[in-house]
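Line order of the protein sequences matches chains P and A.
Taking this note's numbering, the leading residue of the first sequence gets 1, the next gets one more, and so forth.
Taking this note's numbering, the leading residue of the second sequence gets 1001, the next gets one more, and so forth.
Hints are computed from structural coordinates only; laboratory data are not their basis.
Being a predicted model, the structure only gives us computed values, none of them experimental.
Don't take every hint at face value.
The following label-pair restraints were derived from C-beta to C-beta distances [unchecked claim]: (1) P/Lys334 - A/Ser1010: 29 to 37 Å; (2) P/Thr405 - A/Lys1184: 28 to 36 Å; (3) P/Ser324 - A/Gly1069: 21 to 29 Å; (4) A/Arg1226 - P/Val326: 53 to 61 Å; (5) A/Gly1069 - P/Phe487: 50 to 58 Å; (6) A/Arg1110 - P/Ala481: 48 to 56 Å; (7) A/Arg1115 - P/Gly394: 25 to 33 Å; (8) A/Arg1110 - P/Ile339: 22 to 30 Å; (9) A/Ser1296 - P/Gly394: 40 to 48 Å; (10) A/Asp1128 - P/Val326: 16 to 24 Å; (11) P/Gly342 - A/Arg1110: 30 to 38 Å; (12) P/Gly488 - A/Pro1109: 45 to 53 Å.
Okay, the calculated bits of chain P under chain A, using three or more residues with CB under 8 Å as the criterion [unchecked claim]: (13) 30-42; (14) 411-423; (15) 469-475.
Virtual Cβ for every residue (Gly too), placed ideally from N, Cα, C.
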Amino acid sequence: MGLNSGVAGILALFFAVAGCSREDGCEIRTAADLKGRHVAHMSSDFHKRELVALQPDIVFDPYSEYSFAFESLRKGKIAAVSIGDTYADVWTAKYPGEFRVMFAYADDVCCFLLPKNSPLKPKLDAELRKMGAEGTLDAVYHKWVEAAKAGNSLELPRQTAPSGAKELGVACAAISEPWCMVANGEVVGIDMEILTLAANRLGLRLKPKAYSWGGMVDCVNGGRCDVACGGVYTAGGVFPTVDVSEKYADVKMCILVRNEAFGGGAPGLTAFAKSMKASFVRTFVTEDRWKMLADGFVVTLLITFLSALLGTALAFPVWLARTSRVRPIAFCAKAYIAILQGTPVLVLLMVLFYVVFGKADVDALWVAVVGFGLNLSAYAGEMLRSGVDSVPRGQVEAALALGYTPRLAFFRFVLPQAVRTVLPVYRGELIGLLKMTSIVGYIAIGDLTKASDLVRSRTYESFFPIITTAFVYFAASWLLAFAFERFGRRLDPAFGRGRKGGAA
Amino acid sequence: MIAVSHLRKSFGGVAVLKDVNVEIAKGEVVSVVGPSGTGKSTFLRCLNRLETPDGGSILVDGVDVTAPGTDLATVRRKMGMVFQNFNLFGNRDVLGNVTAAQCDVLGVPRDAARRKAMDLLERVGLADRAEALPDELSGGQKQRVAIARALAMDPEILLFDEPTSALDPTMVGEVLAVIKDLAKSRMTMLVVTHEMGFARDVSTRVLYMDDGVVYEEGTPDEIFNRPQKPKTVEFVGRICLKQARDMLRLLREGILSDGRVDEIEAQMLLRLAEPFERFGDAKMNLIVSALRQMLSDGVISETESQQISAILGGV
Ligand SMILES: Nc1ncnc2c1ncn2[C@@H]1O[C@H](COP(=O)(O)OP(=O)(O)OP(=O)(O)O)[C@@H](O)[C@H]1O
Ligand SMILES: [Mg+2]
């Protein structure tokens, strides 16, 4: 999840900066050397049983993303990573001399996931078997692994099915290079090429969407996609609720450690600056990744803005219903508010995404807008109520006595004062909303946090993506606060008479 | 101009107004007095339909405003109302409070509304505070703005609901002065008040309300000096006592703590002392005549003021 990975990333960053290397200075040669040491593993593909058989006293650290495990290993926070040989190959090639594969300890296979009883499964399996026999699968695998080792990406083969053809919805955990990742704004990788070839033969049109790992799993569980992928190792049997396709690759689980002999190049400031520069280039310049981050930011702003609009507009009906004299209406409003305030937005988003709009082909962005909008409406409705209650009733009577209609009195005198009262709280709520949108990556929306996740999954470095993301969120919040400051001053009746503040 | 007959109003089974019958002619200043909770406010609020009467009729210029389908806005426009708690609009400055209804309800152009508002603020002595916010004004100033706000609609009658009850004693005078000024210009007014001196000086008629009816009515002299019915007698006596107590409280709380009486203090004391004159209390008469003397001289010398203080201190 975006938020969790963000937090994990910041923690990783903290350890990196603080140089806290509690696993430093020990040469690991055999499984016995792992006794009492920290070994990172991905919660998804993990062969604990085999590893424990080798060394019962390992301390297992679950990681949500490869890039964080990579970073931790590099910084000496952990002694080893339990990982597929594909990744191990790519990492050791990309950072020559830094890592070494200690041993392989289990076999696994890579497969696609499908919803239970999918009619697609036999067809896909047949194609995979055919491609396996032809040697296509091996060729594809090696092609992408070599590209990843060289730090490149490749083009996918063209889709041959006509644009009106039946679609094949693919949920991708696009954070697992070289299996599945985002390059130049497109989901690519081994999985995607194999699926494209299969789809071409089946006359289907591939429609991939980039999810986080958990989002991908939910998606296939909820039947929201036809097939899911992302370098999923299935032999561990951790996916009992979905169907698993034929394998398209064999992998070996292995233990990767730091190469203690590796000096890390010439030490000193120049080397540091050089590595920072390289990291900067990887994060922002290569494949125009800054564009992905910028697009993500636009999406974050868009969701924030639209759901703020929706939530604020809905605040009025919520408030009207909540203060209605008709008991059942007031009760429903009360329940609505209690439910929305008492449920995490992520749960609300999932309910909307998988249940309410489960069958409808609604863009996830709108689902997010509706989710956050509904959530905000509950809070904003209550804010409006407390704001209106804070305006003395006598002012309304005075207005009525002057011949105002109740409606006009409300808009002229009550609402402005109510808004002014609740503005600071409302501002806080909107800033909260802005930051809260970081969870939308879960339902395949490429917001800022998600973009940062995707970039990190390619560079294996968290420093720039996380610093940038943090800064952008901070700057946006600050701008929002500033805008409100301005607006709040305008609402101040003392505005524009060359005097500061209210009471003199 | 206004004829109220058999007006009834109850709240949750409690009959607050039982049978109110009143006629008010143009140019009259009618004070309404009576114990707390006898429906004086309710009566006023029924007149401009802030409350809906249960029965009876209210004829304004011959039109029954209790009839179903009556345009409330029109009724209310004819009757200005001034509340105990001022109820100024918190999001408008003084000028905005006085112009708002002119623009929003009457459709007067902004400039004309401003000119009129400034005239009215001049009249209540607040032209220089036109840009102040309600929060920046004293209670007396707020109430004067509220009066200007009501006047801006050119009402046929002004309803005052205890306009000075929420005020600090030092500010009562300035508000009453404005109301007196209105009375002089023959404004029709209905004033619920506990200020007996004011009721006596200004009103053409006093209504004593009790038990949900107009229990006794008459000229100020009749009600205050020669009340006929038992409840009225008791009420007037109680009022006198209360004013005596207020006076003592004022003394104790140190209006005179500086050891001297200035003009405002002298006027306040006089107002409070007024009801006692007719009891013929010697000490009180002494104070009153000394205060009068002092004010008529136009100057308050140090010795005079200390003399008064000495007498007052002995009360
Ligand atoms: N909206 C209301 N709902 C219920 N009861 C009310 C309402 N308004 C007034 N009352 C009751 O009606 C009675 C008369 O109230 P009202 O305010 O008219 O008295 P009043 O003569 O103005 O008293 P005071 O001198 O204290 O202002 C009181 O007992 C009060 O509790
Ligand atoms: Mg009252």
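So, going through the hints one by one against the coordinates:
no. : hint                             : in the structure
1   : P/Lys334 - A/Ser1010: 29 to 37 Å : holds, 32 Å
2   : P/Thr405 - A/Lys1184: 28 to 36 Å : holds, 35 Å
3   : P/Ser324 - A/Gly1069: 21 to 29 Å : holds, 26 Å
4   : A/Arg1226 - P/Val326: 53 to 61 Å : holds, 56 Å
5   : A/Gly1069 - P/Phe487: 50 to 58 Å : violated, 43 Å
6   : A/Arg1110 - P/Ala481: 48 to 56 Å : violated, 34 Å
7   : A/Arg1115 - P/Gly394: 25 to 33 Å : holds, 28 Å
8   : A/Arg1110 - P/Ile339: 22 to 30 Å : violated, 47 Å
9   : A/Ser1296 - P/Gly394: 40 to 48 Å : holds, 41 Å
10  : A/Asp1128 - P/Val326: 16 to 24 Å : violated, 50 Å
11  : P/Gly342 - A/Arg1110: 30 to 38 Å : violated, 49 Å
12  : P/Gly488 - A/Pro1109: 45 to 53 Å : violated, 30 Å
13  : 30-42                            : violated (count 0)
14  : 411-423                          : holds (count 5)
15  : 469-475                          : violated (count 0)
The structure shown violates the earlier hints numbered 5, 6, 8, 10, 11, 12, 13 and 15.
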